[in-house]
Amino acid sequence: MKTVEPAVVEGTALEARPSRGGHPIVRVFRERPSAVLGLSLVLFFVLVAIFGPALAPYSWTQPSGAVFAPPSAQHLLGTDGSGVDVLSEMMYGGRTSLIVGFAAALVAMIVGGGIGLLAGYSGGATDVGLMRVTDYFLVIPDLVLMIVIATVFGPSLSHVILVIGLLLWTTTARIVRAQVKSIRERVYVRRARSLGASHRRIVFQHILPQVAPLLIATTVLTIAYAIFDESALAFLGVGVPGVSWGTMLEHAFERTAMTEGAWWAFVPPGLAIGLVVIGCYLMGQAIEDALNPRLRVAHLSIRTWRIRKAPAATTHLDPEPDREEAV
Amino acid sequence: MSLLEVRDLQVWFDLPHGGRLHAVQGMNFAVDVGERLGLVGESGCGKTTALLALMGLLPPSAEVDGTVLIDGTEILRGGEDAMRAYRWTDVAMVFQGAMNAFNPVKTVGSQIVEPMEFHGTATGAVAKREAADLLELVGIPAAAAGRYPHEFSGGMRQRAAIAMALACGPKVLLADEPTTALDVMVQAQILELLVSLTRDLGLAVILVTHDLPVVAQVCDRAVVMYAGRTAESGPIDTLFHDPRHPYTRLLFEATPDLIGDAEVVSIPGAPPRLDRPLVGCPFEPRCDRAFDRCKVDTPRLAVVAARHEAACHLNDVAPAGIGSGVG
Amino acid sequence: MRRTDYVIKRIFFAVMTVFVAITINFLLFRALPGSAVTNFARAPHASPELRATLTHEFGLDQPLWKQYALYLNQLVFHGNMGISFADNQPVTSELAGKLKNTIGMVFVGTFLAIVIGVVTGFLAAWRRGGAVDHASTSSAIVFYALPTQFIGMMLILLFASVLPTAGMRNQVNAFFSGGSTWSNLKDIGLHMILPAVTLALTLFGEYTLVVRSAMLETLGEDYVLTARAKGLPQRRIVVSHALRNAMLPIATLVALSLGFIVAGAILVEIVFSWPGIGQAVYEAVATRDYPMLQGAFLILTLSVVFFNFIADLLYFKLDPRITE
Amino acid sequence: MSHAVSADVGPGSPMGRADLLQVHDLVVRYPVRRGLMEAIRRRPRRFVSAVDGVSLSVAPGEMLAIVGESGCGKTSTAQAILRMVETTSGAIELGGRDITHLGTKDLRPIRRDMQMVYQDPYESLDPRFRVRRAVEEPMVVHGIGSSRAERERLTIEALERVELAPADLFIDRYPHELSGGQRQRVAIAASLVLDPRLLLADEPVSMLDVSVRAGILTLLDQLRRDGDMAIVMITHDLSTAAHFSDRIAVMYLGRIVEEGPSRSVIRDPQHPYTKALLSVVPKRDPRERGDPQILQGETPNPVDLPTGCRFHPRCPVAEDRCRTIDPELRAAGHTPSDHRAACVLV
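If you're matching them up, the sequences are chains A, B, C and D in order.
Note that this note's numbering has the first sequence beginning at 1, numbered continuously upward.
Note that this note's numbering has the second sequence beginning at 1, numbered continuously upward.
Note that this note's numbering has the third sequence beginning at 1, numbered continuously upward.
Note that this note's numbering has the fourth sequence beginning at 1, numbered continuously upward.
Cross-link-like lysine-lysine pairs, in silico, DSS-like; alpha carbons within 27 Å at most:
#: 1; chain 1: C; residue 1: Lys186; chain 2: C; residue 2: Lys100
#: 2; chain 1: B; residue 1: Lys128; chain 2: B; residue 2: Lys106
#: 3; chain 1: A; residue 1: Lys181; chain 2: C; residue 2: Lys9
#: 4; chain 1: D; residue 1: Lys105; chain 2: A; residue 2: Lys181
#: 5; chain 1: B; residue 1: Lys106; chain 2: C; residue 2: Lys317
#: 6; chain 1: B; residue 1: Lys171; chain 2: B; residue 2: Lys128
#: 7; chain 1: B; residue 1: Lys128; chain 2: C; residue 2: Lys317
#: 8; chain 1: B; residue 1: Lys106; chain 2: C; residue 2: Lys9
#: 9; chain 1: C; residue 1: Lys317; chain 2: C; residue 2: Lys9
No lab work stands behind these hints, which were simulated from the structure alone.
The structure presented is a predicted model; accordingly, all values stated were derived computationally and were not measured.
Chain A extracted, bound-state conformation:
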């Protein structure tokens, strides 16, 4: 029978032990600067999206200046191919992109999380069945399917959100299922079952609290992918009707802003998408690393252990005098 010593090798894996109590998500933001950077990036753009339209200096649909006017006092970010103020477009466009991103991620979380939890916890035929379905969805190239569906059913906000959400849930489902399956085998869950606790109680008391942080991490990563896909759809002309960062890029491309040297027409939306995606990625990655610090202490790296330079006091009372000199 296994009587392996507890995994703590003296002095090397100490950091694997969670230091303080408190909710894991809160602890992540206290301990990891990258998570805070990610959060601040995303929050900045969320605020812009909420208050943007009210503060926008000009209309984000009607032209208010010359075509491709460079950034100036009146137009801080210049104007695009049809003379619309880029800053106003950015402010309003952000709202659409973020709405699509967050809503699609929510759909993916609910569908993916639900299927992952169901498959992971019930195991057996349900698990195999659900996972087969997920495998098929995973194989279908999401961008192409999105294009086909958007073309066939016509672009609308809800369509785009649904399409992106329904194609991003597979990764969430697989990650959640793996975590739920491993928790279900944990001793304390088997003990709860042997106590006679009902499945409902076990899921809500033991499994969900443990899987919630990982679900949050995966959902935050899905927001990044969703915003990415929205901009791709917009670029193909089947995106969301109205203004979004994606449509701004497509608009700038149609008007060949690049060859006109009008960088201000496409750099702000491109960078904005990039920064939000980076923000989501940093947050999601930080939470996931905090959850399972699976990166063991590397046995091999460029740095090696060191010899102590300062002579340490001898700890040994030696009867034979000659050994003293040798040290």
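We have chain A; now place chains B, C and D onto it with these hints.
Here is chains B, C and D on its own, set in the frame of chain A:
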């Protein structure tokens, strides 16, 4: 002059959240040709760290002090690169979790041949034949050389690990809890193999374990470790019948025996934290013979009899009374 | 015995997936708004006889399941995927030519991405926590986060004067075949630089991060400690032990991502109007050319299934423990 | 703590110590994963009988130790008794009532009477539950203790009973703020609040340090004496079994090959396997060498069992008839009547 001698071995670990863990606080021991030395102690006492330090296998966060002599030549202070020449040719090692001591995607035979070819002790067909002989020596059919580690049972994998350790004909074999994860019958087979190797090949073995009876039956001498230091060391027979450190006696009393009605008593309390400075004797809070001097003055390891050392003030005050109870 | 089971199961799964893809493809276009059935045959400027042959070939006036049988029959045995609305040419031959161009460009782009990704990922793991680690991880994240089309547009802005930025001059669609003269090849090569570089910049990020975590994972394994104990030098341990095991997740990821890259190249092809399958999809979307769209979707899905199967075989070949 | 005595058999009923737990010919089988080819060629499904006909009984206040090497079926036996694994055949009676195939609804109240302590102290407590909530959960599940205050009182009482005193020092801690030994005591306390009549302990101390083990074992020993609780302890450590249990059952390849009072089994073993096992257990005193009888090879794969006596391929005293006879458990002449071994030589 002994085959392998360790003087004032100390190891510090830099902890990720600051602070330093003084995992090994001064170890002194030696082993001769064909001798079996036990390093015994509970988890967290520094026995595995001391063994890894001997081979220079510590992570980058470690700082080491002290000297390690093989046949009189110092090997530790040269650091990782200098030690490489001595590894496997002079000192070899068998790890506790034999399961992943082998590279899963390479055959066992190729992993035994690898050190031979690198150190130049044998190459090509000669090496292959020697690997086959070693497998037979440890009781595994030579044909198994072509098979992968996951096809071996627990006991067979540990035997293969011993065969791999003997690849370059080392003088000293370090074994870190080699039988902890094995059943009592398979453990007996492995221990019998180790004893026969010391007898037939003159191999010196240092056996790290928390299992006192194993040390009692297999080792000639033993070092009892507590809180990173040597509590007591000497011939195993005197350690049982005439212990000169209360911890040694209490450890024997806490170990149940097959026959015998002596009451099994646990030792209250827990070992001290090694990331805090030490005041007085580390065992004082749990010792049943502690007196005022123990709280203040840290006992030094002193010779109490021929090749028998102990770190306890009682030896200066009332040596006779320490051992009553076990002998 | 058990290992052959694994291969048979993977083949079965691949075939099933293809079947499902074809079915979804069929149903999707039958769910078109309006009288979908006639859409398929109402090629805008097709002659009445052409429309009649199409109706006959695909049984457009038959009940749905009958159509499905005919659709399968035409697809599997005749490779006929209907007529493109744009130029009345059979879809299959159109797409074949365009696929060749895509594969050419995608191959170069992916190769670049893999090289950059593996090198930076490996160095990041090896010098974990050092400057190289931070530099390569952050550059990987940044490029991974920037939209592909944005990277393309930036490259055009920066290199418009130096490199050709729009589709091949003489619309040579037979990238591989045809005794193209040296100048022809040079022209294709020049045109390919920017799209391939864009693709590489988009993809290398993922490879860097995966290679880095795979390497860190293996560097923490016990057998690396054993190899170090054997006295082997770091270089040899990294190559023959750590890298050998890290290849498992890396190889599978590369194979898996190859499938999606073909689809992902759409954006790059549009920005640089590269005459590949991506460009074909873009035009089919604009002109609602359903047969073309349906054909492209099928080919892209098949390529994903194909590369997934390759990933399974690679994993099977590299890992002797596969017996499940 | 008053406890409703169910059914007719009460502890210490007048006609001697009626058994609390009785297991008759328990068999637990797991299907072997069939290859694709085997499935297609309709080859019969093969099974592994982890438990192949085990009968045992435990009286209130008695501790039975089940010992054996890995793969001998001791854990599957415990899992089957606890109804965590489906029994293929045989009967399990708790307090005189047959619970082998009881429905989950009827089984729930019975689960109160039988609790399990698991091997890994680092895994047996939910890392998000403070000690208070971990000990209270069983009470909430079974509706014990009318108010929070009463449940608090019962929790503190249980913590003190497992020597985690003063309770308020531990009650609000998270598992990672406790040592291995303390965690195992919290797990035991969480079982005690239900006042179970049977406690199954699967390797309760094998992952703890030597100095802490004795504490947990003496605690279990004391619980069964004053709590009149029956304990079944699963262990591979014969010394622990010898020292703390009343009776020992030695298992090999899914069968009990020897069982009886601990003293008699340890000092006068009858079955060759028990003799070999006892001979290789290292003794504390270096001078007590003994002559270890080391059996070669390891416990064979239970899928293809040897014919006749399942131990004969490894048995040092095997005879021809051992290849055909599958011996029953029977008492040897000179040993007490309830010390039985399954060997032709007995």
